[in-house]
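As given, the protein sequences belong to chains A and B, one line each in that order.
Residue 1 is where the first sequence starts when you use UniProt numbering, and the numbers rise one by one after that.
Residue 1 is where the second sequence starts when you use UniProt numbering, and the numbers rise one by one after that.
Among these hints, one or two may not hold up.
Heads up, the list lumps identical chains together, so a pair's fine if it works in one copy or across two of them.
Listed below are the simulated SDA-like cross-link pairs for lysine to any residue, each with C-alpha atoms no more than 20 Å apart in a straight line [stated by the list, open to error]:
1. K24 <-> L89
2. K65 <-> G13
3. K24 <-> D113
4. K18 <-> N229
5. K117 <-> T27
6. K74 <-> F270
7. K18 <-> K65
8. K232 <-> I9
9. K283 <-> A272
10. K163 <-> T218
11. K74 <-> Q257
12. K117 <-> N90
13. K65 <-> L17
14. K188 <-> A7
15. K65 <-> L32
16. K74 <-> D273
17. K232 <-> T8
18. K112 <-> G195
19. K232 <-> D273
20. K167 <-> F214
21. K163 <-> S135
22. K169 <-> N76
23. K232 <-> A7
24. K18 <-> G259
25. K18 <-> S263
26. K18 <-> G227
27. K74 <-> D258
Don't read these hints as lab results, they were simulated from the structure.
All values reported here derive from a predicted model rather than from experimental measurement.
There are 2 protein chains.
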Amino acid sequence: MSFETTATIANFGGKLLKLAHQSKVTTTQMKLNLFLPGTASSSKPAPVLFYLAGLTCTGDNGAEKGFFQAAAAKHNIAVVYPDTSPRGLNIQGEDESYDFGSGAGFYVDATKDPYSKGYKMYSYITDELPSALFSSFKELDGSRVSITGHSMGGHGALTLFLKNPGKYKSVSAFAPISNPSNCPWGQKAFGGYFGEDKKDQWAAHDATELLPKFPGDTDILIDVGTGDNFYKQGQLLPENLEEAAKKAGKGVKVRYQDGYDHSYFFISTFAADHVEHAAKYLK
Amino acid sequence: MSFETTATIANFGGKLLKLAHQSKVTTTQMKLNLFLPGTASSSKPAPVLFYLAGLTCTGDNGAEKGFFQAAAAKHNIAVVYPDTSPRGLNIQGEDESYDFGSGAGFYVDATKDPYSKGYKMYSYITDELPSALFSSFKELDGSRVSITGHSMGGHGALTLFLKNPGKYKSVSAFAPISNPSNCPWGQKAFGGYFGEDKKDQWAAHDATELLPKFPGDTDILIDVGTGDNFYKQGQLLPENLEEAAKKAGKGVKVRYQDGYDHSYFFISTFAADHVEHAAKYLK
Chain A
1 MSFETTATIA NFGGKLLKLA HQSKVTTTQM KLNLFLPGTA SSSKPAPVLF
51 YLAGLTCTGD NGAEKGFFQA AAAKHNIAVV YPDTSPRGLN IQGEDESYDF
101 GSGAGFYVDA TKDPYSKGYK MYSYITDELP SALFSSFKEL DGSRVSITGH
151 SMGGHGALTL FLKNPGKYKS VSAFAPISNP SNCPWGQKAF GGYFGEDKKD
201 QWAAHDATEL LPKFPGDTDI LIDVGTGDNF YKQGQLLPEN LEEAAKKAGK
251 GVKVRYQDGY DHSYFFISTF AADHVEHAAK YLK
Chain B
1 MSFETTATIA NFGGKLLKLA HQSKVTTTQM KLNLFLPGTA SSSKPAPVLF
51 YLAGLTCTGD NGAEKGFFQA AAAKHNIAVV YPDTSPRGLN IQGEDESYDF
101 GSGAGFYVDA TKDPYSKGYK MYSYITDELP SALFSSFKEL DGSRVSITGH
151 SMGGHGALTL FLKNPGKYKS VSAFAPISNP SNCPWGQKAF GGYFGEDKKD
201 QWAAHDATEL LPKFPGDTDI LIDVGTGDNF YKQGQLLPEN LEEAAKKAGK
251 GVKVRYQDGY DHSYFFISTF AADHVEHAAK YLK
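Work the whole structure out from these sequences, hints included.
Here's what the structure looks like:
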C-alpha cells in the first residue's frame with residue numbers, strides 16, 4: 001500500500017506530490033496527484049477534498065488546469081486527484097473509445113466480463129485509495145473528507161456521496177452526468193460495465209435515483225455552463241436531478257452559468273466556490 | 001491585419017478568444033490567445049498585459065496553466081498570450097531543437113540567414129501584433145500596456161521593456177533568462193539568429209546590458225524558484241541583473257522563492273502578484 005513519490009513540486013505555499021502505487025482492486029499501478037497545503041502536518045492534519053476528473057482525463061488535468069490549489073491553500077485543505085480508470089489491463093477494445101474503458105471508469109465496480117477484471121474504480125476511490133493515503137500521509141485528516149468532480153467525475157462525486165452517507169462531509173460537481181441511466185454516455189458505460197440489469201445495478205449508480213433514498217437533507221452545489229455542448233446534447237440532465245430533489249425535498253442548487261462550456265476554463269472559474277463549499281463542512 | 005476568432009470561451013466573467021492572423025513580419029499565420037475581462041468595452045477599454053511564454057510553449061500554456069485570468073478579471077486587465085516563434089517556415093533544422101527555431105524565437109529579429117527570413121518576433125510583439133490588436137479590438141486600451149513573461153519570455157519582457165522606454169507601463173518576469181550573452185541558451189540563440197556580433201547585436205538584446213542605459217528609474221519584479229534546475233545550471237543568471245541594477249542605481253527586486261521549480265505550478269502561484277504589479281501602473 002505504500003506510495004512512490006515521483007515528483008514533489010512547490011505550489012501555492014504547499015506541495016504537489018506525484019504519486020504511484022500498486023492497487024489490489026484494479027490489479028494495476030495507479031497514479032495520482034496529492035496537493036498538501038503548507039500548513040498540513042502530522043500534528044495539524046489537513047482535511048481532504050477528492051476531485052474526480054472526467055472522460056479522457058487523468059489525475060493531471062485538475063492539478064494543472066483546475067486551479068483548486070489556490071483556494072485549497074487558502075483554506076488549508078488537501079486535494080486528491082486520482083486517475084479515471086485502471087491503465088494497461090490489456091482488455092481488448094479498452095483503448096478504442098474516449099467514453100468507455102481507459103480514461104472512462106465511471107467510478108463503478110464492473111460486474112460484466114471482461115471489465116470485471118480490474119475496472120473497480122468505485123472500490124478504489126471509496127476504500128483502497130483513501131485507506132492507503134491516510135495510513136501513509138499523516139498530514140491528512142481521514143475523518144474530514146469531501147468530494148467534487150467534473151462531468152463523469154461529477155457523476156462519481158454525487159453517487160459516491162449519496163451511496164455512503166456520512167463518508168463525505170459535502171459534495172459538489174461541475175457539469176455532472178446527473179442521470180446516467182437516461183443519457184448516451186451513461187447507457188454505454190453501464191451497459192458495458194454492468195450489462196442490462198437496469199433496475200438494480202444501473203439505479204445503484206445513478207444520482208437521480210439515489211438522491212431520494214439519501215437519509216437526511218443534502219446541500220449539493222452544482223455548476224453547469226449554458227454553452228456546454230454536452231449539456232445541450234442531453235448528456236448531463238441536471239434538470240432530472242433537480243426534479244428528483246424537489247420531489248424528495250432535498251437540497252440541490254444548480255447554477256446555470258451563462259455561456260460557459262465544458263472545459264477547464266469553466267472549472268477554473270468556479271473552482272474557488274467549490275473549495276469554499278467543501279471548506280464550510282470540513283472545518 | 002484582421003483576426004480570425006477560432007473560439008470564444010467564457011472564463012472568469014470575461015472571455016478568452018482564440019485568434020489567428022496573417023503576419024507580414026513573420027510571413028506566417030500566427031496564433032494567440034486574448035483574454036478580455038467582462039468589464040471591457042469600447043467605451044471602457046481595458047489596459048493590456050502581454051505575457052510572453054518560454055521555450056517550447058505556444059500562446060496556450062499561459063492561458064491554460066498560468067492562471068493570470070483570475071487576477072486579470074479582478075483588476076479589469078486584458079491579457080495577450082502570443083506564440084513564441086513563427087510556425088511552418090520550413091527552414092531546415094527549424095524543428096530539431098527545443099531551444100532554437102520553432103518555439104524558441106527569443107523575441108528578437110534574426111539578422112542571420114536563414115532565420116532572417118521570418119524570425120522577427122521582436123517586431124511582431126512590439127509593433128505588428130499590438131497595432132493589429134488595438135485597431136481590431138476597441139475593448140483594448142493601447143495607451144496602457146504592460147509586459148511580463150517566463151524564462152525565454154522573461155528575457156523577452158525585460159528586453160522589450162528596456163529597449164522601448166515608455167512603451168510599457170511596467171515589467172515583471174518569472175525565472176527570466178537575465179543575461180543571455182552569458183548562458184548556453186542565449187549564446188545558442190544569439191549565435192544562430194545574429195551570428196557573432198556580440199558587442200552590438202547580442203548586447204542590444206541582453207537585459208543585463210540594457211538596464212544601465214535605461215533612462216530613469218525602474219521597478220522590476222522578478223520571481224525565481226530556488227529549486228529551478230535551469231537557475232541552478234546558470235541559464236537564468238538573475239544575480240547578474242541584480243548586480244547591474246545595483247551599480248546603475250536601478251530598481252530590480254528579485255524574489256528567490258524557496259523550493260519552487262521552473263514549471264507552471266511556480267508561475268500560477270505568483271501570477272496574481274505579477275498582475276497586481278502591472279495593475280499598479282496600468283490604472
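So, going through the hints one by one against the coordinates:
Within a single copy, K24 and L89 get their C-alpha atoms as close as 13 Å, which meets the 20 Å cut-off; across copies the closest is 51 Å, which misses it. Within a single copy, K65 and G13 get their C-alpha atoms as close as 18 Å, and across copies as close as 17 Å, so both meet the 20 Å cut-off. Taking the closest pair of Cα atoms, K24 and D113 come within 20 Å of each other only inside a single copy of the chain (18 Å); across copies the shortest separation is 59 Å, beyond that limit. In this homomeric assembly, K18 and N229 come within 20 Å of each other (Cα to Cα) only across copies, at 18 Å, whereas the closest approach inside a single copy is 32 Å.
For the identical chains of this complex, K117 and T27 are intra-copy neighbours only, at 8 Å inside a copy versus 55 Å across copies, given an alpha-carbon limit of 20 Å. Within a single copy, K74 and F270 get their C-alpha atoms as close as 15 Å, and across copies as close as 14 Å, so both meet the 20 Å cut-off. In this homomeric assembly, K18 and K65 come within 20 Å of each other (Cα to Cα) both inside a single copy, at 15 Å, and across copies, at 17 Å. Taking CA atoms no more than 20 Å apart as the test, K232 paired with I9 passes between copies only; the shortest distance there is 16 Å, against 38 Å inside one copy.
For a Cα distance limit of 20 Å, the shortest separation of K283 from A272 inside one copy, 16 Å, qualifies, whereas the shortest one across copies, 26 Å, does not. Proximity of K163 and T218 under a CA criterion of 20 Å is satisfied intra-copy only: 13 Å inside one chain copy versus 60 Å between copies. Proximity of K74 and Q257 under a CA criterion of 20 Å is satisfied inter-copy only: 18 Å between copies versus 24 Å inside one chain copy. Taking the shortest alpha-carbon separations for K117 and N90, only the intra-copy value of 10 Å comes in at or below 20 Å, while the best inter-copy value is 49 Å.
For a Cα distance limit of 20 Å, the shortest separation of K65 from L17 qualifies both inside one copy, at 16 Å, and across copies, at 17 Å. Neither within a single protomer nor between protomers do K188 and A7 lie at most 20 Å apart by alpha-carbon distance, with minima of 36 Å and 30 Å respectively. In this assembly of identical chains, the alpha carbons of K65 and L32 lie at most 20 Å apart whether taken from the same copy (15 Å) or from different copies (18 Å). In this homomeric assembly, K74 and D273 come within 20 Å of each other (Cα to Cα) both inside a single copy, at 12 Å, and across copies, at 15 Å.
In this assembly of identical chains, K232 and T8 lie within 20 Å of each other by CA distance solely across copies; the values are 17 Å between and 40 Å within a copy. Only within a single protomer do K112 and G195 lie at most 20 Å apart by alpha-carbon distance; the minimum there is 6 Å, versus 66 Å between protomers. Proximity of K232 to D273 under the C-alpha cut-off of 20 Å is found in neither arrangement, the shortest distances being 24 Å within a copy and 38 Å between copies. Taking the shortest alpha-carbon separations for K167 and F214, only the intra-copy value of 13 Å comes in at or below 20 Å, while the best inter-copy value is 61 Å.
With identical chains, the CA atoms of K163 and S135 are never at most 20 Å apart, being 24 Å at best within one copy and 56 Å at best between copies. In this homomeric assembly, K169 and N76 come within 20 Å of each other (Cα to Cα) only inside a single copy, at 16 Å, whereas the closest approach across copies is 36 Å. In this assembly of identical chains, the alpha carbons of K232 and A7 lie at most 20 Å apart only when taken from different copies (18 Å versus 39 Å within one copy). Within a single copy, K18 and G259 get their C-alpha atoms only as close as 34 Å, which misses the 20 Å cut-off; across copies the closest is 16 Å, which meets it.
In this assembly of identical chains, the alpha carbons of K18 and S263 lie at most 20 Å apart only when taken from different copies (14 Å versus 23 Å within one copy). Taking the shortest Cα distances, K18 and G227 sit within 20 Å of each other only across copies (16 Å), while inside one copy they are farther apart (33 Å). Only between protomers do K74 and D258 lie at most 20 Å apart by alpha-carbon distance; the minimum there is 19 Å, versus 27 Å within a single protomer.
Of the numbered hints listed earlier, those contradicted by the structure are 14, 19 and 21.
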